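From first to last, the protein sequence lines stand for chains A and B.
Oh and the first sequence: position 137 is 136 in numbering that gives the first Met the number 0, straight run, nothing missing.
Oh and the second sequence: position 92 is 91 in numbering that gives the first Met the number 0, straight run, nothing missing.
Worth flagging that the hints you see were computed from the coordinates, not collected in a lab.
Computed from a predicted model, the values in this text were never measured in an experiment.
Take the hints with a grain of salt, since some may be wrong.
The list makes no distinction among identical chains, and a pair is therefore deemed to hold if it is satisfied within one copy or across any two copies.
[What the hints assert, rightly or not] No farther apart than 30 Å at their CA atoms in a straight line, the calculated lysine-lysine pairs in the DSS-like style are these:
no., residue 1, residue 2
1, Lys279, Lys137
2, Lys163, Lys38
3, Lys11, Lys284
4, Lys30, Lys11
5, Lys232, Lys137
6, Lys137, Lys30
7, Lys38, Lys171
8, Lys137, Lys38
9, Lys47, Lys163
10, Lys38, Lys11
Number of protein chains: 2
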Amino acid sequence: MNDIPFTHKLSKLSKQQDSSLCIGFDPDILKLPVSMRGKADAIFAFCKEIVDATADLVCAYKPQIAYFSANRAENQLELLIQHIHRNHPQIPVILDAKRGDIGSTAEQYAVEAFDRYQADAVTVNPYMGFDSIEPYLKYANKGVFVLCRTSNPGGSDLQFLPLKSDTQVLGKDELLFERVASLAAGAWNLHGQLGLVVGATFPEEIARVRQIVGANMPLLIPGIGAQGGDIEKTIQAGGGEQLVINSSRQILYASSESDFAEAARRVAIHTRDAIRQAQKNLKDKD
Amino acid sequence: MNDIPFTHKLSKLSKQQDSSLCIGFDPDILKLPVSMRGKADAIFAFCKEIVDATADLVCAYKPQIAYFSANRAENQLELLIQHIHRNHPQIPVILDAKRGDIGSTAEQYAVEAFDRYQADAVTVNPYMGFDSIEPYLKYANKGVFVLCRTSNPGGSDLQFLPLKSDTQVLGKDELLFERVASLAAGAWNLHGQLGLVVGATFPEEIARVRQIVGANMPLLIPGIGAQGGDIEKTIQAGGGEQLVINSSRQILYASSESDFAEAARRVAIHTRDAIRQAQKNLKDKD
């Protein structure tokens, strides 16, 4: 499935499975089922079981690389992504790495994400500007999600700063994250590979981003579940299409017993259905 | 040497060796000496030889993690840092990773940098705000360099944006990187562990950052050498003390033959001496 552009792979599966749910893999070894802890490939085994229990429910998977790197488990991350590609080739994998560096170094990070890990898409940080993003765009069929408005408390420290500008955006002072949205939808988006990361904890700002970038840009929305984002408000703000709504901890740690994969499936169904219902409500309103 | 705060370790060695030179390890396998290429531990062996040939010349080493990760060489990065700590325990190691993520994930990246790799300091990206930096500060003796004004062409895309603010900074509109400098010198710097990354390609902006943060905050300055930064102007702008001036490619690839370590030493001496001379010129002027 490497010959299909990421955005097509994503929207095809999203329609096929009628799902905008992305499951994020943040495998904290202290939260793994007791029976698995201490085993050499515990992280891989844990994530693999959840993949196999939820593959018909999602539009994407999003492993978070920090949880693998902190545990010397790069090899298990490779195995996990291989497992997804081999057994569920229709499901795109977004590597959540949030890298950002000068061009020559960004090239190495692109090799890491796309050649080594064989991810279909990657998250990147915009602080260092366009040449920190450009090397990823050379991989024609890959997707790149640029951090825009993040779901954490400190997200406002810089992202919410108003810029000095004669032009207003949607009738208000332009904020830093809105400039990132404009750049990602405009000058930076050379071949239509870009999407944005916008936290579910700020529905009003999702709406502003959607107005800036138009209906076709994929938005990756973390913050549902453990971080407190509201599904109904998120869908109303982000529009019904081109959404990748991520839940990690609430699904991964639905049970700490040996039934963790079934429990994850139950919560994943519940979350997918809540998203579906919100999307239906939005359509009915239109 | 893990019981000494990073900033002390850095300034002690800098005085002892009369050096503000940091050598950056960006080991591109395509540029390694022909005799080394293809060997399983080529990256480690290459970097180790350069360490042993330059240990009396530097104030720090700065491995860039992307070059290791792109080559499945995390183990070689661990070995390299172990080698430095065992054989040259006075030399601090700055892991150039530029991570940035929500608090719970930043904790994992802090584990990666400080527990796994045993780095003395790390570079981080400020775009996600204070809670993406806070987890690193829990490691009492470690240092954290926050990206402020980067040396790459795209660095201006966001960092140079003027903010809407009633107060001016040094008589001008405040720019985004100046806000980062103010936060890093103020509210974010809970225990005095922070430094800033400011590219050598913008001496005027180094001077503004130094005015904002005062004389005691370490500035990590990449961009000397291959990226074209001017040593004399950099020193004049940054002040004579608390500077970590990084050169990577010009030293690493001084020769592509088997004399690469000697050649690296020659260029390192030349660079260290140019920095020394510029520092002397600045002192004489005062």
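Verification of the supplied hints:
1. Lys279 x Lys137: neither (37 Å within a copy, 46 Å between copies)
2. Lys163 x Lys38: Result: close neither inside a copy nor across copies, 54 Å intra and 54 Å inter.
3. Lys11 x Lys284: within (25 Å within a copy, 67 Å between copies)
4. Lys30 x Lys11: neither (34 Å within a copy, 42 Å between copies)
5. Lys232 x Lys137: neither (36 Å within a copy, 36 Å between copies)
6. Lys137 x Lys30: Intra 38 Å, inter 22 Å, cutoff 30 Å: inter-copy only.
7. Lys38 x Lys171: Cα proximity of Lys38 and Lys171: none, with 54 Å in one copy and 58 Å across.
8. Lys137 x Lys38: Close across copies (29 Å), not inside one copy (39 Å); limit 30 Å.
9. Lys47 x Lys163: For Lys47 and Lys163, the Cα distance exceeds 30 Å both inside one copy (48 Å) and across copies (48 Å).
10. Lys38 x Lys11: Intra 37 Å, inter 43 Å, cutoff 30 Å: neither.
Comparing the model with each earlier hint shows violations of hints 1, 2, 4, 5, 7, 9 and 10; every other hint is respected.
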